[in-house]
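One point on numbering: in this note's numbering, the residue at position 230 of the sequence shown is 230, and numbering is uninterrupted.
Any given hint could be a false lead.
[What the hints assert, rightly or not] Straight-line C-alpha distance at most 30 Å; calculated BS3-like pairs for lysine-lysine:
1) Lys141 <-> Lys116
2) Lys129 <-> Lys233
3) Lys83 <-> Lys211
4) Lys132 <-> Lys104
5) Lys203 <-> Lys132
6) Lys64 <-> Lys300
7) Lys64 <-> Lys104
8) Lys282 <-> Lys141
9) Lys64 <-> Lys132
10) Lys211 <-> Lys241
11) Lys241 <-> Lys141
12) Lys211 <-> Lys129
13) Lys83 <-> Lys64
14) Lys64 <-> Lys282
15) Lys282 <-> Lys292
16) Lys211 <-> Lys238
17) Lys116 <-> Lys233
18) Lys211 <-> Lys233
19) Lys141 <-> Lys104
20) Lys104 <-> Lys241
Quick caveat, the hints were computed from the structure, so don't treat them as lab data. For clarity, every value in this text was computed on a predicted model and none was experimentally measured.
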Amino acid sequence: METNIDPFDRRITYLRVSVTDRCNLRCCYCVSADGLNPLPHSEILRYEEIIEIVRAATDLGIRKLRITGGEPLIRRDILPFIKLLAATPGIEEIGLTTNGILLKDMAGPLSDAGIKRINISLDTLNPLKFRKITLRDSFYKVMDGIAAATEAFSLVKLNMVVIRGVNDNEIPQFVELAMHHPYVVRFIECMPIGKSGFWDIRKVLTFDEIKSRIELLGSLHQVPSMADDGPSKRYRLKHAKGEIGIISPLSHNFCADCNRIRLTANGRLRPCLFSDHEIDIKGPVRSGCTHKGLTDLIQKAIAQKPRRHYAGLDQESHLCSMSMIGG
């Protein structure tokens, strides 16, 4: 068996790296009711430690990275760090997921540093509802960030977590964005993860419900899948400048094609987003673990990927917050 093939014959080529658990928003589905309680800086992986882990991961066939948080752009010196990642032999593509607040001034520099793909979280087009969801008045900063990203990147993806009774009535407005702009607008099922206490089965719109709502606006034509599409099912409406994506981790899971593992901000390898099983790699790297020792730990994480997750529509993962894992 090749070193990046898991027990179920999936080739693992993608590492998602959370660089911080801090965020400048307080989204209801991400942050616990008592607020965001960030870890001490000493508990967060240093940049040089992440680089060391990434170098070991490339030896096992990791070729694609995504930088996440928390909000990755609030971490100091993120641009020089990305440049170092982009220069790492074996890394072919780096993406970044952001809430967009700091993008107005950073979109161009991020592109110059080596970011190839950018995903922006946007759950509403209503400024008042934005404040209700995020507890912050940053809507117009996000919209300015999206405009800047459109200038700096050839492809911009907008991620909307669909929450029944909160923002599901805005599906038509988000579809209009894809009609008139070259965005990939992705609708994501609300997921049962983290410590927010927010998740409730009644808040979930499933894949079929989301798709049916969109089809009221026009016929959806499925776009052929590409090797690097990830979990999104891609569609296009007639005459649309952009695309529609639907991500359904619960009602139509994509475990059979999963190609990723995660590195949390506090230095743990997480083989599956919906499993609380993690492997400590921060301790070993700070104890002088050899390069071979790090590759062995990463290979162990790959070997421990489950066939599928069992987070249906009735349970919540409590060990680690979404801000720590990075989605």
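Would you mind confirming whether the straight-line C-alpha gap from Lys211 to Lys241 stays at or under 30 Å?
holds (19 Å)
Given the hinted pair Lys83 and Lys64, is their alpha-carbon gap at most 30 Å?
holds (14 Å)
Is the straight-line distance between the alpha-carbon of Lys64 and that of Lys104 30 Å or less?
Holds: Lys64 and Lys104 sit about 25 Å apart, inside 30 Å.
Lys282 and Lys141 were given as a pair; does the straight-line alpha-carbon distance stay at or below 30 Å?
Measuring from Cα to Cα gives roughly 35 Å; hence the hint is violated.
With the threshold set at 30 Å, check whether the alpha-carbon distance from Lys129 to Lys233 stays at or below it.
The given pair, whose Cα atoms are some 27 Å apart, holds under the 30 Å limit.
Between the alpha carbons of Lys211 and Lys129, is the straight-line distance 30 Å or under?
With a Cα-Cα distance of about 23 Å, the restraint between Lys211 and Lys129 holds, given a limit of 30 Å.
Is Lys83 within 30 Å of Lys211, Cα to Cα?
Violated. Lys83 to Lys211 sits at ~39 Å, over the 30 Å cutoff.
Would the pair Lys64 and Lys300 pass a check requiring their Cα atoms to be no farther apart than 30 Å?
holds (19 Å)
Are the Cα atoms of Lys104 and Lys241 separated by 30 Å or less?
Judged against 30 Å, a Cα distance of about 23 Å means the pair holds.
Do the alpha carbons of Lys211 and Lys238 lie within 30 Å of each other, as the hint requires?
holds (15 Å)
Restraint check for Lys141 with Lys116, where alpha carbons must lie at most 30 Å apart
Measuring from Cα to Cα gives roughly 22 Å; hence the hint holds.
What's the verdict on Lys116 and Lys233, does the C-alpha distance respect the 30 Å limit or exceed it?
Distance ~21 Å between Lys116 and Lys233 Cα, so the pair holds.
In this structure, the hints that do not hold are numbers 3, 8 and 9, in rising order.
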